[in-house]
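K.L.:
Residue numbers (our numbering), protein chains in the order written: chain W, 3 to 412; chain P, 3 to 412.
Because the hints were derived from the structure by calculation, they are not lab data.
Some hints could be false.
Note that the list lumps identical chains together, so a pair holds whenever it fits in one copy or between two copies.
Unchecked claim - In silico DMTMM-like links for lysine to aspartate or glutamate, alpha-carbon gap of 25 Å or less:
#, residue 1, residue 2
1, K378, E64
2, K80, D92
3, K255, D15
4, K165, D90
5, K77, E209
6, K145, D288
Model, not experiment: these values are computed from the prediction.
2 protein chains.
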Amino acid sequence: MPTVSDRGKLMPDSPIRKLGPLADKAKEKGIKVYHLNIGQPDLPTPPEALNAIKNIDRMILEYTPSEGIRSFREKLAKYYHKFKIDVDADDIIITTGGSEAVTFSFMSCLDPGDEIIVPEPAYANYEAFAIVAGAIIKPVTSKIEEGFALPPVEEFEKLITPKTKGIMICNPNNPTGYLYTREEMDKIRNLIKKYDLYLFSDEVYREFCYTGAPYISAFHLEGIEQNVVLIDSVSKRYSECGLRIGALITKNKEVKRNVMKFCQARLSAPLIGQIAAEASLDANPDYMLNNYNEYVNRRKFLIDGLNRIDGVYSPIPMGAFYTVARLPVDNADKFCSWLLSDFELENQTLFMAPASGFYTEPGKGLDEVRIAYVLKKEDLAVCLKILEEALKVYPGSKVRQIVANNESVR
Amino acid sequence: MPTVSDRGKLMPDSPIRKLGPLADKAKEKGIKVYHLNIGQPDLPTPPEALNAIKNIDRMILEYTPSEGIRSFREKLAKYYHKFKIDVDADDIIITTGGSEAVTFSFMSCLDPGDEIIVPEPAYANYEAFAIVAGAIIKPVTSKIEEGFALPPVEEFEKLITPKTKGIMICNPNNPTGYLYTREEMDKIRNLIKKYDLYLFSDEVYREFCYTGAPYISAFHLEGIEQNVVLIDSVSKRYSECGLRIGALITKNKEVKRNVMKFCQARLSAPLIGQIAAEASLDANPDYMLNNYNEYVNRRKFLIDGLNRIDGVYSPIPMGAFYTVARLPVDNADKFCSWLLSDFELENQTLFMAPASGFYTEPGKGLDEVRIAYVLKKEDLAVCLKILEEALKVYPGSKVRQIVANNESVR
C-alpha cells in the first residue's frame, strides 16, 4: 500500500472532538452527556435566516461568485461600519466558514517554513491550518494566573526571526474568553508595525463582550491597515454553525489577489448559507440582546459555580462563551476521558475539552479544561454538580489533598 | 508591507473564471453573453431537494458530524451499489464539494514534492489543489486527433520516479468528455498495482455516459481497492453546484484517518446542503432520464454544428457535458478574450474557456477551447452562429486561409 502523508500524521487530533467516541459509548449505555466541549450554541438561529431558507424561490441552486454574493458583502460592510470597522464590499471575501478564512489567509500569506506567533492557549485548529499551509506556529504562553492577559511584548520579540511573517490573535478569545485591552492592542500594533508583519485577527465573538470594556478590532489600529487580515464567521453570532459561512477581510490588494485564486479553485462558498447569513444581518435587535443577556447570566452562574468547587479555579472571561478552568487533577485529558468512560452521577456525565490541545507545546495546560457555556443555566447547574462529585472520586483527583490541607490550616 | 506567499503566486488563474471581468464589461455594454465557459447546468435542481430545503424544521442550524450526516452516507452507499461500487457508509466522507474531496485526498496522501501523473487536458483545479498540497503534477498528454484517449502506458512509465505517489483521472472526463474503456481502465489498474500508487478517480459525471459503453469505476478494478480514492459530488448530477456537497470514498483506513483530521479541522460540511443532497437521492427516475436525454440531444446538436464550421474540429465526447474543440485561430486565449471585448453578433457573444488552462505544460492546447453544453438547443444554435461569424472576422483567424486552400483543391 502506498504510504499516507506525513503532513496528515502531523495534523493534531481535535481536542474538541477526539473524545467523541467515548461520549458515543456513554450515550449507548444510556448515560446523558452534557456537551460543554464544543462551541455549538443551543440558542436559536434568527427566524429571519430560517425564513429566508424556507422561502427559497430558485429552480437551480447555482454556484455563487467565488468572492461571495455581492448584496451579502455590501450588507456585511454596513454591519462592520457599526463597529467602526471601515471596510467596503470589495475588501470582503465570503468563505466556507471561518475555518476556510484562516486556511486561505495562511495559504495566501505564508510559505512552508514561515512562522507566526500565537498567544496560547489558542483555538486548536490554528495549528491544524498552519500545518496545512506548511507554516510553523511559535507560541507565547498566556497564563491562567494572569487571567490569560497578553504576554509581555518581550516574549514576542524573543521569537521573531527572519522567518516570522505574522501574529495571530483571537479577540475576544477562544478558548480563554479574554478580551484584549486598548493598551494590549496598541502593543500588538507596534510589534506589527516595527517588524512589518501580518496581523491575522479572528474576531468572530465580537458581539459577546461582557464587561463594558471596548472591543478593539485589528482594523481600529492605525497605520497597519495593509497588514491586517480579519477573520469572521456567522456561526457563533447567529447560531449558524451548520451554514459554514465566514469571511476574510483585507485591504491589501496583493493578499486579496492571492486569496481569490484559492477561492476560484474551490469555485464558490455555499449558496443557501450565504442567503441565510445575509438575512441574519436583519435579525431583530431583541434577538441579539436576548442571546447576549443569556450568555451574561450563564457566564456569571458558571464562573461563580466553578470557583466554589474545592480546588477549581476559573478566571472571569470577558467575552466569547468559553472559559479555561484549572482543575485539581493529575491530568485533564485523563480526567475528561474518565468522566465519559467511568463516571456517572444519576446517569449523567460531562464532556469537556482538555486544554492541552489548545497549546502547541507539550506539557502545557495539563490541569486545565475548556468549558463552553452553550447550555442553559439549569443544565449548567447539573454540570457543576457532576464536576464537583466527580472530583471527589476521580482516582487522580487532588481534592482530598486540598481539603485536608485547608482543614489543617484552620 | 509583508510579502505574500509564493504558493499563492504559483496558483493558476482559473481558465474558466479568469475572463469573467471581460464578460461583465460586455454585459455592461448591453451585450448578451452566452456562457459556455462554466459547468453550471441550466437544468433544474430536483424538486425533492428544493422541498427538503423549504421544509427545514430546525430551530438551530448546527454543525454536522465532521464525516457527514450518517443517514446521508448510508443512502449514498446504496446509490453506489446501483453502480456496483461496493462501499458502505463508513467508507464515505462528506466534503464541501468535490473540490474539498480532491484537496483532502492530496493533503492526506501526498507530501510536498510528491508527484502524481495526470492525463491532460485535465480539470484545471487539480493543478491548483496540487499546489495547495505542495505536490507536483506530471502530465501525460492525450491528443485531440486520438479523441483524447488514454495515452500509451509507456508515457506514464517514463514519468514514474521514486517521488511518484499516484495517478489522477477524471472519468467521464472534464474537459474532454472522454470515457475510459475497460481496456484502458485495466491498463491504469496494472500501473497502480505494479508501482503501488494511489488512484485518485474523479467520477462526478458517471450519470452522463452517452454511447452505451460501460462506465468503469476505479472501484471496479480488482486488487487495488486499498489504493483507490474516489471523488464525487452532487453538483453536476442534480444541478446543485451551489450546495457545495461532495464525497471522498476510500476503503483505506489509514487514508481515512488522515482525511478525518482535515475534516475535523474544518469542523463540518454544510448542513442544509447535506439535507438537500440526501433528498436528491430520492429524485424521480424521470428527472434523471429527462436531464440525460436533454444532454444527449444537445451533445449531438453541438458536436454536429461545430464540425460543420470551416476549420473547427471536435471529437465526439462520450460522457460529461463538455467538449474540447480545435478552432482555426492563432491563439484561443486571445480569441476568447476578443469575443468578449471586441465582437458581437446582433448584440450577442460567447464566453468559452480557453483550453490552455487545462494543460500544465505551457504551449499546449493553444488552438483549443472547452465548451460546456449547459444551454438549451436554441441557445446552442445561436452560439454556433456566433462562433461561425466570429471566425470569419477575427484578426487571428485561419478560416480564410482554410477556405482558400479548400477552394484551390477543388
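K.L.:
If a hint holds in the structure, say so; if it doesn't, say that too.
P.N.:
Cross-check of the supplied hints:
1. Taking the shortest alpha-carbon separations for K378 and E64, only the inter-copy value of 16 Å comes in at or below 25 Å, while the best intra-copy value is 39 Å.
2. For a Cα distance limit of 25 Å, the shortest separation of K80 from D92 inside one copy, 12 Å, qualifies, whereas the shortest one across copies, 44 Å, does not.
3. When the C-alpha separation of K255 and D15 is checked against a cutoff of 25 Å, the pair qualifies only between copies, where the shortest distance is 16 Å, while the shortest distance within a copy is 35 Å.
4. Neither within a single protomer nor between protomers do K165 and D90 lie at most 25 Å apart by alpha-carbon distance, with minima of 32 Å and 46 Å respectively.
5. Taking the shortest Cα distances, K77 and E209 sit within 25 Å of each other inside one copy (17 Å), while across copies they are farther apart (39 Å).
6. In the homo-oligomer, the alpha carbons of K145 and D288 never lie at most 25 Å apart, since the shortest distance is 36 Å inside one protomer and 63 Å across protomers.
When each numbered hint is compared with the structure, violations occur for hints 4 and 6.
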